[in-house]
Amino acid sequence: MKKRITHSVKLTCQTLEVDGKRVAMAVEGESFLTSLYHAASIEYPKFFKMDLLSKVGFIASEYLLNAEGKERFQPADDRAILLFNRNSSWNADTTFQQTIDNPEEFYPSPAVFVYTLPNIVTGEIAIRNKYHGESDFILLPEMSEAAMDQAIDRAFLDPATTSVLAGWVEAISEDDFEAFLTITEGY
Amino acid sequence: MELIDELKTKMIEALNLEEMTPADIDEQAPLFGEEGLGLDSIDVLELIVLLDRTYGIKIEDPKLGKEIFTSVRTMADYVAANRTK
Amino acid sequence: MIVRKIGESMITPLGFSVEENFQAVLEMRSALRLYEHCWNMPFPCQLSLIPDDLLEAAFQEEVELPRLPSPACTRFEKLSLLSAVKAVRQSGIDPKSERVLFVLSSTKGNVSLLSEKTVDMQRVTPAHTAQLLADYFGNPNTPITVSNACISGLCAQMEAYRCLLSGQYDAAVVVGADALSPFIVAGFQSLRALSVEQCHPFSDSRKGLNLGEAAAAVVWEAAEDYALDTSWKMMAAAVRNDANHISGPSRTGEGSYRALQAVLQRSGLSAKDLACLNVHGTATLYNDEMEAVAISRADLASVPVNALKGYYGHTLGAAGVLEVLLTMCALDHGLVPATRGFEGLGVSVPLQVSAETMKTSQRSFVKLLSGFGGCNAAAAFTR
Numbered sequence: 001m002k003k004r005i006t007h008s009v010k011l012t013c014q015t016l017e018v019d020g021k022r023v024a025m026a027v028e029g030e031s032f033l034t035s036l037y038h039a040a041s042i043e044y045p046k047f048f049k050m051d052l053l054s055k056v057g058f059i060a061s062e063y064l065l066n067a068e069g070k071e072r073f074q075p076a077d078d079r080a081i082l083l084f085n086r087n088s089s090w091n092a093d094t095t096f097q098q099t100i101d102n103p104e105e106f107y108p109s110p111a112v113f114v115y116t117l118p119n120i121v122t123g124e125i126a127i128r129n130k131y132h133g134e135s136d137f138i139l140l141p142e143m144s145e146a147a148m149d150q151a152i153d154r155a156f157l158d159p160a161t162t163s164v165l166a167g168w169v170e171a172i173s174e175d176d177f178e179a180f181l182t183i184t185e186g187y
Numbered sequence: 001m002e003l004i005d006e007l008k009t010k011m012i013e014a015l016n017l018e019e020m021t022p023a024d025i026d027e028q029a030p031l032f033g034e035e036g037l038g039l040d041s042i043d044v045l046e047l048i049v050l051l052d053r054t055y056g057i058k059i060e061d062p063k064l065g066k067e068i069f070t071s072v073r074t075m076a077d078y079v080a081a082n083r084t085k
Numbered sequence: 001m002i003v004r005k006i007g008e009s010m011i012t013p014l015g016f017s018v019e020e021n022f023q024a025v026l027e028m029r030s031a032l033r034l035y036e037h038c039w040n041m042p043f044p045c046q047l048s049l050i051p052d053d054l055l056e057a058a059f060q061e062e063v064e065l066p067r068l069p070s071p072a073c074t075r076f077e078k079l080s081l082l083s084a085v086k087a088v089r090q091s092g093i094d095p096k097s098e099r100v101l102f103v104l105s106s107t108k109g110n111v112s113l114l115s116e117k118t119v120d121m122q123r124v125t126p127a128h129t130a131q132l133l134a135d136y137f138g139n140p141n142t143p144i145t146v147s148n149a150c151i152s153g154l155c156a157q158m159e160a161y162r163c164l165l166s167g168q169y170d171a172a173v174v175v176g177a178d179a180l181s182p183f184i185v186a187g188f189q190s191l192r193a194l195s196v197e198q199c200h201p202f203s204d205s206r207k208g209l210n211l212g213e214a215a216a217a218v219v220w221e222a223a224e225d226y227a228l229d230t231s232w233k234m235m236a237a238a239v240r241n242d243a244n245h246i247s248g249p250s251r252t253g254e255g256s257y258r259a260l261q262a263v264l265q266r267s268g269l270s271a272k273d274l275a276c277l278n279v280h281g282t283a284t285l286y287n288d289e290m291e292a293v294a295i296s297r298a299d300l301a302s303v304p305v306n307a308l309k310g311y312y313g314h315t316l317g318a319a320g321v322l323e324v325l326l327t328m329c330a331l332d333h334g335l336v337p338a339t340r341g342f343e344g345l346g347v348s349v350p351l352q353v354s355a356e357t358m359k360t361s362q363r364s365f366v367k368l369l370s371g372f373g374g375c376n377a378a379a380a381f382t383r
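Residue numbers (my numbering), protein chains in the order written: chain X, 1 to 187; chain Z, 1 to 85; chain C, 1 to 383.
Simulated from the structure, these hints should not be mistaken for laboratory data.
Hints may be right or wrong, so weigh each one.
To be verified - Calculated cross-link-like contacts (lysine-lysine; reagent style BS3-like; alpha-carbon spacing at most 27 angstroms):
no.: 1; chain 1: X; residue 1: Lys46; chain 2: Z; residue 2: Lys63
no.: 2; chain 1: X; residue 1: Lys3; chain 2: X; residue 2: Lys130
no.: 3; chain 1: X; residue 1: Lys2; chain 2: X; residue 2: Lys70
no.: 4; chain 1: Z; residue 1: Lys10; chain 2: X; residue 2: Lys46
no.: 5; chain 1: X; residue 1: Lys10; chain 2: X; residue 2: Lys70
no.: 6; chain 1: X; residue 1: Lys3; chain 2: X; residue 2: Lys21
no.: 7; chain 1: C; residue 1: Lys207; chain 2: Z; residue 2: Lys58
no.: 8; chain 1: Z; residue 1: Lys66; chain 2: C; residue 2: Lys207
no.: 9; chain 1: X; residue 1: Lys3; chain 2: X; residue 2: Lys70
no.: 10; chain 1: X; residue 1: Lys21; chain 2: X; residue 2: Lys10
no.: 11; chain 1: Z; residue 1: Lys66; chain 2: X; residue 2: Lys46
no.: 12; chain 1: X; residue 1: Lys10; chain 2: X; residue 2: Lys46
no.: 13; chain 1: C; residue 1: Lys207; chain 2: Z; residue 2: Lys63
Based on the sequences and whatever the hints tell you, model everything.
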């Protein structure tokens, strides 16, 4: 089987590139991610409930899928979602830890806890796009194009999978995150 | 009335109802379902934590939540009757 | 080409080998205990915890400490290393070979480190532990860690299966582990998912799940197919998403149903071939109902269903490995284990839940798991 990357998005806390072209963005009085949300005319209030990792993955996937240009939100089971990072759900983990650190103020937050799994971002993308195909999250000791490429190859071993939305999504803090997502088509 | 506004403000913060102001929330409107605020099961649990932390109200059975969290109005009535702080 | 099992290990409060664990399950012993204020938390809960002294003794005996960067290991690191060492030794593989891949399955790794005053951020992620494992064995490949919520243990084996079938590697060591901590227990408590009683899978009386800690490891190898091979083989695996809700299971069992369909189709197995469906069976209201609906939709309602959570609780990243290995061991003895805690069917569709230990002559089974993020996994095994 052969495969090719058809679209890509690179998102950091300051820049967004879609298919290699920088998207200009004026940020006034709101975070970069919220600006990108508005600039793409997304109407999805659940976005604001997401943890940082999911927000980063969600925004990157929105721009990626808009670039692909196919009709959105059609139920599909032939596209896998396969995301990677090193530090798992670090941002949500540390936020949740704060809700249980003080025995006098022990109020564990259910809404934060559900995000203390890195694969929730794959679920958010699947829900948004009605993707019933494979979804998986893999942690690597460091960013490795080779290891990710091998894993994408393996995802195509599911005969139902004809394309893979894949890539690296790391979210440490509001000013330290990155996503590099691609759509890979098999042929 | 003060309690209602206070609850609205705290709900917006606790549930990340971004881009909403207290004025946008009708105190009689259902919190759940399509025609209301569209809250879900996790939101109920978060509201239970909010009542515990802010008003010292412990709700052991989340099923009770259905009646308490019908609208902001019913929440406020329950808080007024049961608050310990 | 086939993918067959050549090594295994299991570390739980019920024993430090698969056979010991199987005997305990046969005797219907549970590792769950009621703790009034575990780790000073303000609520009682049932947990399955591995005693520190037993873990430490086995760790000191089996693991060569000079091969570690530091002898001071966390519980999670000890569980992972100990189970890997035992499985690798039994398999006889050369773990230094570039043809061997290490795959870790964990949901929360070293998250308990977050409660310390100075947090070593690098060490919290299970990806760090996976590298520790690879380094311990002198393995040159980048280890992968599957962190796909509660289905991680099956996903990790699916990755191994694909690595071997595609010729990327000749053998894969899959380690499933999670250590419990206030972080995990308080989190599930905040979701009101925990039962203060020992859990009752698929029963009317079910009130929620129990949590447990465990490690289990399996070594899978690619081999030529030949008729006399009696080792356990992995036939097919699939993961599908509900695309419905990040924490609530689909009412139609969408992802589980689709995963089951894919696995049956690819393995060529049908209801009459299966000794049992070893399901997730967490004993939450919605999980068990969802699984029952999915099984019914997949025309598998006539197959005995069993769940092991009444013995171990939900062991998170270990569950997919532990429950597969224990089912294999039981079928080696011609038995389907009883579903401990089952008290009469409490789901909306008919289901053959194994209330007692049952005899079987079948040598194939399907494993089912579901997790947050809407993910669902199914895999078929045979011997």
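So, going through the hints one by one against the coordinates:
{"no.": "1", "hint": "X:Lys46 / Z:Lys63", "verdict": "holds (24 angstroms)"}
{"no.": "2", "hint": "X:Lys3 / X:Lys130", "verdict": "holds (23 angstroms)"}
{"no.": "3", "hint": "X:Lys2 / X:Lys70", "verdict": "holds (22 angstroms)"}
{"no.": "4", "hint": "Z:Lys10 / X:Lys46", "verdict": "holds (18 angstroms)"}
{"no.": "5", "hint": "X:Lys10 / X:Lys70", "verdict": "holds (20 angstroms)"}
{"no.": "6", "hint": "X:Lys3 / X:Lys21", "verdict": "holds (22 angstroms)"}
{"no.": "7", "hint": "C:Lys207 / Z:Lys58", "verdict": "holds (19 angstroms)"}
{"no.": "8", "hint": "Z:Lys66 / C:Lys207", "verdict": "holds (18 angstroms)"}
{"no.": "9", "hint": "X:Lys3 / X:Lys70", "verdict": "holds (19 angstroms)"}
{"no.": "10", "hint": "X:Lys21 / X:Lys10", "verdict": "holds (10 angstroms)"}
{"no.": "11", "hint": "Z:Lys66 / X:Lys46", "verdict": "holds (21 angstroms)"}
{"no.": "12", "hint": "X:Lys10 / X:Lys46", "verdict": "holds (23 angstroms)"}
{"no.": "13", "hint": "C:Lys207 / Z:Lys63", "verdict": "holds (12 angstroms)"}
Hint compliance for this structure: no hint is broken.
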